[in-house]
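Visitor: Now for the letters of each chain:
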Amino acid sequence: MILLVIALFAGILLLEMPGLVHKKYFKELAVFLALWSFAFLIAVLMTFKVNIPNPVGFMLRCLNLNMGLKHLDFNMYMAYLVK
Amino acid sequence: MSIESGKIPSSQLCTLMVGFLLGSTLIISPGQQAGRDIWIAAILGFLEGLAFALIYILLLKKFPGKTIIQINDFIFGKYLGKVVSIFYLWFFFHLGSMVLRNFGDFFTAVIYPETPMVVLMAMLMLVSAMAVRNGIEVISRTSIILVPLTFLIVFFTMFFSIKDMDFTNFLPVLETPLRDVLLAGHNIAAFPFGESIAFVMVIPFLGNPKKTKATVFLAFSLALFLFIGIVVRNISILGDTASLHAYPSYEAVRLIKIADILTRLEIAVAANFLIMGFLKIIVLYYAVSLGTAQLFNLRTYLPLVIPIGALMIFLSIFQFSSNIENIEFATKVYPFYSLPFEVFLPALTLMISFFKKPNKKRGLKK
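Those protein sequences? They're chains A and W, same order as listed. Read left to right, the first sequence gives residues 1426 to 1508 (my numbering). Read left to right, the second sequence gives residues 3 to 368 (my numbering).
No lab work stands behind these hints: they were computed from the structure. All residues carry an ideal CB built from backbone N, CA and C; glycine is no exception. Errors might be hidden in some of the hints.
Quick list of in silico lysine-lysine cross-link-like pairs, DSSO-like style, CA-CA up to 27 Å [claimed, not checked]:
(1) W:K9 - W:K63
(2) A:K1452 - W:K84
(3) W:K358 - W:K80
(4) W:K80 - A:K1449
(5) W:K63 - W:K212
(6) W:K215 - A:K1448
(7) W:K215 - W:K64
(8) W:K212 - W:K358
(9) W:K215 - W:K358
(10) W:K9 - W:K213
(11) A:K1449 - W:K84
(12) W:K9 - W:K165
(13) W:K259 - W:K64
(14) W:K165 - A:K1452
(15) W:K165 - W:K259
Under 10 Å between C-beta atoms, here's a sample of chain A residues computed to sit facing chain W [claimed, not checked]:
(16) A1432
(17) Y1450
(18) K1452
(19) L1460
(20) A1464
Using the sequences plus the hints, can you model the full thing?
Guide: Dropping the structure here:
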């Protein structure tokens, strides 16, 4: 599986990078590489089943903590459903 | 220099917007709290959604040809503007990932139970990436073919299910507490009407900006018409049980059976969702790709398309652990979560724009 992920991301790199280098679009290349690296890192972590922090859960916790919006408590709804 | 050189006619903007508004609404029916009074909630939601859209239209009218990312730079300044733009980009990105997840959940639950969700999502994103890389003209031209097809499918399914409809299911009217109807109305305003905020990245490319208001109103009206048609069909067939189903449209159409010949028409609902979900995803995907390129002042957004698509797939996979979580988030949390992006930030930007003088040096003039 990890080989497939590496091959896929290498393919993306080969598809985009030569054109950007040829046109001397270095700023575009930098942003592309930053996004590509981030995506590749997450893909590898997911392949190895590493528990990645969920941004949505974090966001909901922030809403509850900072705004006191208890009715937005996602876990509360989940607990209600499980009951 | 503009990153996107394409121009779209108002008719294509209209169809694209209808497709966008009906995206996942065809499957996950928002405003279920209103029960059999959902049609009243839909009208209320439409009116509230129009008020939201008016903010976006006024904002874009003040800055013709500029997207929200460029407007933010002018209104909030170079640094704060970037921060505000990141909020918008997060919202478009997150919304896109939620629609993608709806797509994955629906297809793995009812059609391809043995296929890994990531495969279905990756296939859709591959096609979406192709559409986004081809630019706004291709995206809008796609809609003019796909949206009428969806209208036809909805009308046919309604026509074939007439014999199963029982309109007494709507009685008594307004038995649901008014608070629930109003809350459902707000839910419908936030999802789908308020999501038209993504069009602040598309409307600047409208060939004739004078038609913006009329086009948006027509698109909203058509979406409301179709949405009411769908909920009327679902409630008249399923009755009070409509709100118990995860996918009421699918369940309602599944009951169509005409002389043992026309059966299993629910695939038409799946086709509808595939079409409209695709349109919604490409608009959001395009908004994120173009917006990110504008955020960093890049000359092209094309190299960002595939990495952004990959990230969208990853977020859609790990943000919810099940389909139920996704639907609960969409119907209960999302209407409040989306408010800052759909109303507060655009309204604040509009208010500041009334006081801020245009800066001709930076090319932003009234």
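Visitor: Does each hint fit the structure? Answer for all of them.
Guide: Consistency of the hints with the structure:
no. : hint             : verdict
1   : W:K9 - W:K63     : holds (16 Å)
2   : A:K1452 - W:K84  : holds (17 Å)
3   : W:K358 - W:K80   : holds (14 Å)
4   : W:K80 - A:K1449  : holds (26 Å)
5   : W:K63 - W:K212   : holds (9 Å)
6   : W:K215 - A:K1448 : violated (40 Å)
7   : W:K215 - W:K64   : holds (13 Å)
8   : W:K212 - W:K358  : holds (23 Å)
9   : W:K215 - W:K358  : holds (24 Å)
10  : W:K9 - W:K213    : holds (14 Å)
11  : A:K1449 - W:K84  : holds (25 Å)
12  : W:K9 - W:K165    : violated (45 Å)
13  : W:K259 - W:K64   : violated (53 Å)
14  : W:K165 - A:K1452 : violated (62 Å)
15  : W:K165 - W:K259  : holds (10 Å)
16  : A1432            : violated (14 Å)
17  : Y1450            : holds (6 Å)
18  : K1452            : holds (6 Å)
19  : L1460            : holds (4 Å)
20  : A1464            : holds (4 Å)
Hints 6, 12, 13, 14 and 16 from the list above are not met by this structure, while the remaining hints are.
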